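A.B. asks: Letter by letter, the chains look like this.
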Amino acid sequence: MQRHFDEELADLKGKILRMGALVEEQITEAMKALTERNEDLARQVIENDKRVNTMDVEIDEACLEFMALYQPAARDLRFITTAMKISTELERMSDLAENICERALELNTEPQLKPYIDIPIMAERAMAMVRESLDAFVKGDAALARKVLGDDDSVDDLTEQLFRELLSFMIETPQTISRAIRLSFIAKYIERIADHATNVAELVVYMVEGKIIRHTV
Amino acid sequence: MLIPSFGTRLTLFFLVATATGISMTIFLMQYSTAMAMLIGGGILGLFVLFPMRTWLICWLTRPIVDLHENAKRLIHDEKQPLIPIGPNDDALTQLGQQLNQLATRSHDRIHALETERAKITAILDGMVEGVIALNAQGHILFMNPSARQIFELDAAQGEGQSLLEVIRHRGLADLVDQAQSRGKDGAYHGEIELEPLSHRILDITSLPVPFGSSTKGILLVLHDITTLRRLERMRVEFVANVSHELRTPLTAIKGYLETVLDETAAHPSPHRKFLEVANTHTERLGRLVDDLLQLSNIETGKVSLRVSPVPLNEFMNDISAMFTKDAVQKKVTFINHIPVSLQVQADRDRLTQIFVNLVDNALKHTPESGTISFTAHLEPDGIAIIQVQDTGQGIPSTALPRLTERFYRVDTARSREQGGTGLGLAIVKHLVQLHGGHLHIDSEPNKGTTVHVALPVV
Chain A
3 MQRHFDEELA DLKGKILRMG ALVEEQITEA MKALTERNED LARQVIENDK
53 RVNTMDVEID EACLEFMALY QPAARDLRFI TTAMKISTEL ERMSDLAENI
103 CERALELNTE PQLKPYIDIP IMAERAMAMV RESLDAFVKG DAALARKVLG
153 DDDSVDDLTE QLFRELLSFM IETPQTISRA IRLSFIAKYI ERIADHATNV
203 AELVVYMVEG KIIRHTV
Chain B
94 MLIPSFGTRL TLFFLVATAT GISMTIFLMQ YSTAMAMLIG GGILGLFVLF
144 PMRTWLICWL TRPIVDLHEN AKRLIHDEKQ PLIPIGPNDD ALTQLGQQLN
194 QLATRSHDRI HALETERAKI TAILDGMVEG VIALNAQGHI LFMNPSARQI
244 FELDAAQGEG QSLLEVIRHR GLADLVDQAQ SRGKDGAYHG EIELEPLSHR
294 ILDITSLPVP FGSSTKGILL VLHDITTLRR LERMRVEFVA NVSHELRTPL
344 TAIKGYLETV LDETAAHPSP HRKFLEVANT HTERLGRLVD DLLQLSNIET
394 GKVSLRVSPV PLNEFMNDIS AMFTKDAVQK KVTFINHIPV SLQVQADRDR
444 LTQIFVNLVD NALKHTPESG TISFTAHLEP DGIAIIQVQD TGQGIPSTAL
494 PRLTERFYRV DTARSREQGG TGLGLAIVKH LVQLHGGHLH IDSEPNKGTT
544 VHVALPVV
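Residue numbers (this note's numbering), protein chains in the order written: chain A, 3 to 219; chain B, 94 to 551.
Everything labelled a hint here was simulated from the structure, so no lab data went into it.
This list has only true hints and no planted wrong ones.
DSS-like cross-link-like pairs, simulated, lysine-lysine; straight-line CA separation at most 27 Å:
no.	chain 1	residue 1	chain 2	residue 2
1	A	Lys15	B	Lys309
2	B	Lys395	A	Lys116
3	B	Lys522	B	Lys395
4	B	Lys309	A	Lys17
5	A	Lys34	B	Lys395
6	B	Lys522	B	Lys540
7	B	Lys366	B	Lys347
8	A	Lys15	A	Lys52
9	B	Lys423	B	Lys540
10	B	Lys457	B	Lys423
11	B	Lys522	B	Lys457
12	B	Lys540	B	Lys424
Please read all numbers here as calculations on a predicted model, not as lab measurements.
Next up, chain A with everything else stripped away, as it sits in the complex (with noise of 0.2 Å):
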């Protein structure tokens, strides 16, 4: 039975780091899909956001059932509930890859609006939210989920200050207004995904200390 026990958590662990590796992947792609304007990238991640579905609904369903089989106390428990919810965000996180895609598609139509400097900053950060958030969800470090925390303030200054940039754009031209909106839906997203990334930190921070931190920071 504890044989069983300890395999099935593996197990799902290991489900949640392969839907983790595959969302960081999308991420990737759809911001490579973004600033190469390759559209054939761009409808690949779109693509593969089903997959990240199915996955989503996998897990839950391998947790319920664990739940349902072994009535996990403890320490266990946490672990299958961060574990539902974490599979939920970043079920999100692809749901938002897709739409930075369908974007990037719009944007295509039309001749690039500016070099894209910003947006890949803001990018590259929201990237290593996500992937120290997991980090430290293999590895059960607070201490590290706590790092993301801190981080998520310097992503949403910059998406601050990249709508005031577009606004400027838009004042100056208005032929730009139907870019530098889809640009400034753009910033949004990766903006919501490093929120998802302090949701995956928060929601470890609770698996290891059993303190729930949300709201409170």
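Use these hints to put chain B onto chain A, whose structure you have.
C.D. replies: Just chain B now, with coordinates in the frame of chain A:
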């Protein structure tokens, strides 16, 4: 000093014991009163017999204790010289000798194993390729320094953890899955980009291996081919840029040449001949540049296919119709054996390009009154094989593997004379691959050549 053997010691012990017993009896017989017996016995026992007994036991068991001490040292300290062996040949000495033999043998074995291990470690550490060994559960059993370097891991990470925990990469996880599901069926080969982990591109071979008798596992061998791919991309881009840059001046030259040729058409002069030669070569150069550009476009993925069902029989009739004039001139006949019902999924324009190239080649190399026949059949796996067969001079078997290389020519002088660019078959190969098919060429000198084009039906 002579060391008494264990047997001698035993004999001596009994001798001494008997002697003591006799002397005690004599002593008691002299003072045969009860009191005296009691006191005498007590004194004798306390001061003579007890120390004598203790000394005797010590003396008797000393060889065994020595042996024990030596054996203990032998276990704990490898550098300890072996158990000293006395000159006697009794059971204890033999035991000592046997222990010595055992120790020597196990030392030799350990030494051999250590040497072997050092050798293997040195080989694995020195390898440029990364090596990762996984057990059936996907946990890392071993990882060499190159693998650590590829994934930018420190020494603490790796062994004992699951692969996904250490290297969270979708492509790699999928590859391991595939290798595991294949089971014993041999090696699996794949190429993955390490994005978003790093910008490396890896060529990975995975093979199922037994680690010990019961544990099955997977061995991953990783080649870092980042530089190779980068150079390849640079080459393709270079060719694309060069051909593009060459095209513009070439168009200008050709334009002016044609104008001058038109103007001198009315009054022929010796200069006109020069101009004609220049024009022919400009045309050839133009074809070369076009072919190069097309080839690099296919390679960089800039060519996209518009796939639709193509009925093959009708299609090949159209192709042969394009060559009617040349065929009649050379008295070559086309025979079309392709079943009317057979269709493939292909881009019609690209397919035309493929077969124009092949039929053109066949026609060039088929002597007068030869035949060129088209046949096709459907393979069970949904692949149609289309064959273009000629009765030409054939190709020597040594040249066959190199046919699709750029600028490779079987007969350099001849084919240049016939106006080929040396890129035709390379383009054909790439176009066929773009359709998800493959190209194969058979040939027998003086009998003819058959080109097999495999294309998916659905």
